[in-house]
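> So the chains spell out like this:
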Amino acid sequence: MKCSLFIFSVVLMSFTFKSDNNLLYQKALLNHFSKTNTDTIYILKGFDIEIPSKVGKYTIIDISDNTKSFIVNKPSLYAVKLMPIEMNNGIIEITLIDYLIKIDGSEVLLYNNGSAVYSYKYEIRKKKYMFLRKESHAI
Amino acid sequence: MILIIKYKKRVRHNNEAPFFFVSIRVIMITISCRSTDANNREYGAKIDGNSTKELKAGPVGDPAKGKNATVTSTERVDMHSHPSGKRKVKFPDGGTGTASWVQPSSKQDMITQVGQGYVLGMGTQIIYIYTNKGVVAIIPISTFKK
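Chains as they are written, first to last, in my numbering: chain A, 9 to 147; chain B, 180 to 325.
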């Protein structure tokens, strides 16, 4: 009984944490595009990151699978890569990389156009993640 | 190795645009192709009158990881390079691509630029001359090589 309770708790915790992670990615994306006029955001992400098709006013298009098909009729495409979450002394860091993507023959070329790290900290009193800072790494 | 060249060239933005002269002082930064680290960091310089001072190179970055190679200096950066480093990346569907650094002046370069700036695209081997309005001229680095 104790064992099954433990497994249930671990499963529940992992679902909660994953859901928090995905929420933080959405917050970071909203922050990242707050000064742009775009209505569509193209993203590259790992399979374990879940982003809904609509975040705020933005339509989200995941081009991680079959990337070429999204660029085939365009000269290039701007996309944001969502890097895995990193933890540093209790601070959660989300790195977003801006890529200009082009196709050269059969090759997908990703040109790094700078990145930004968004940091969040969990406030126990408020029971939510608070935005700490944005660190830009422009090229 | 650093080679400083003073140069005056007649250039134009595109075929329709009028010609104009630009005075160019370029630091040719030759980096060893054997060193991956050297190809993944920015090098920069400051121009003061007739003297050009090389600034401390940026940290080693990775185009696939978002850790950038930007030159940061308390001094004014009048020219800098964009690295030529490349890295193979895998997509979740099994496909592959190549991540590298953007070669022309970036949005951030243009936002922060006062007057005329120079970016040396080490991957494309092109010098991009830009202002806060955008790229105004491009010149192949080979123009300066004998």
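Note that these hints are calculated values from the structure, not bench results.
Treat the hints with caution; some may be incorrect.
To list a few chain B residues with every Cβ distance to chain A over 12 Å, as calculated [to be verified]:
1. Lys244
2. Lys265
3. Ile290
Label-pair ranges, simulated between beta-carbon atoms [stated by the list, open to error]:
4. B:Ser230 x A:Lys65: 49 to 55 Å
5. A:Asn81 x B:Glu233: 41 to 47 Å
6. A:Lys76 x B:Asn229: 48 to 54 Å
7. A:Ser61 x B:Thr253: 41 to 47 Å
8. A:Tyr137 x B:Gly228: 50 to 56 Å
9. B:Pro319 x A:Lys65: 56 to 62 Å
10. B:Lys269 x A:Leu31: 43 to 49 Å
11. A:Thr67 x B:Val314: 28 to 34 Å
Only part of the chain A face toward chain B is listed, based on derived beta-carbon distances under 10 Å [as the list claims (entries may be wrong)]:
12. Ser72
13. Asn74
14. Ser123
Every value quoted in this text rests on a predicted model; they were computed, and no experiment measured them.
Glycine included, C-beta positions come from ideal geometry on N, C-alpha and C.
> Does the hinted range 43 to 49 Å hold for Lys269 of chain B and Leu31 of chain A at CB?
27 Å, violated
> With a cut-off of 10 Å, does the beta carbon of Ser123 of chain A approach a beta carbon of chain B closely enough for the hint to hold?
4 Å, holds
> Determine whether the non-interface label on Lys265 of chain B survives the test: each CB of chain A must be over 12 Å from its CB.
9 Å, violated
> CB of Lys76 of chain A to CB of Asn229 of chain B, is that within 48 to 54 Å?
50 Å, holds
> Does the claim that Ile290 of chain B lies outside the interface with chain A hold up, using a Cβ gap greater than 12 Å?
9 Å, violated
> Go ahead and decide if the range 28 to 34 Å is satisfied by the Cβ distance of Thr67 of chain A to Val314 of chain B.
Given a distance of about 30 Å, which is inside 28 to 34 Å, the answer is holds.
> Confirm or reject the statement that Lys244 of chain B sits farther than 12 Å, beta carbon to beta carbon, from all of chain A.
7 Å, violated
> At the C-beta level, are Tyr137 of chain A and Gly228 of chain B separated by a distance inside 50 to 56 Å?
Check passed, 51 Å falls within 50 to 56 Å.
> Honestly, do Ser230 of chain B and Lys65 of chain A meet the 49 to 55 Å range at C-beta?
About 51 Å separates the Cβ atoms of Ser230 of chain B and Lys65 of chain A, which means 49 to 55 Å holds.
> Holds or violated: Ser72 of chain A as interface residue toward chain B, Cβ cutoff 10 Å?
5 Å, holds
> Take the C-beta atom of Pro319 of chain B and the C-beta atom of Lys65 of chain A, compute their distance, and say whether it sits inside 56 to 62 Å.
Since Pro319 of chain B and Lys65 of chain A have Cβ atoms about 43 Å apart, the given range 56 to 62 Å is violated.
> Could you check the hint for me, namely that Asn81 of chain A and Glu233 of chain B are 41 to 47 Å apart, CB to CB?
About 44 Å separates the Cβ atoms of Asn81 of chain A and Glu233 of chain B, which means 41 to 47 Å holds.
The structure is inconsistent with the numbered hints 1, 2, 3, 9 and 10, although it conforms to all the rest.
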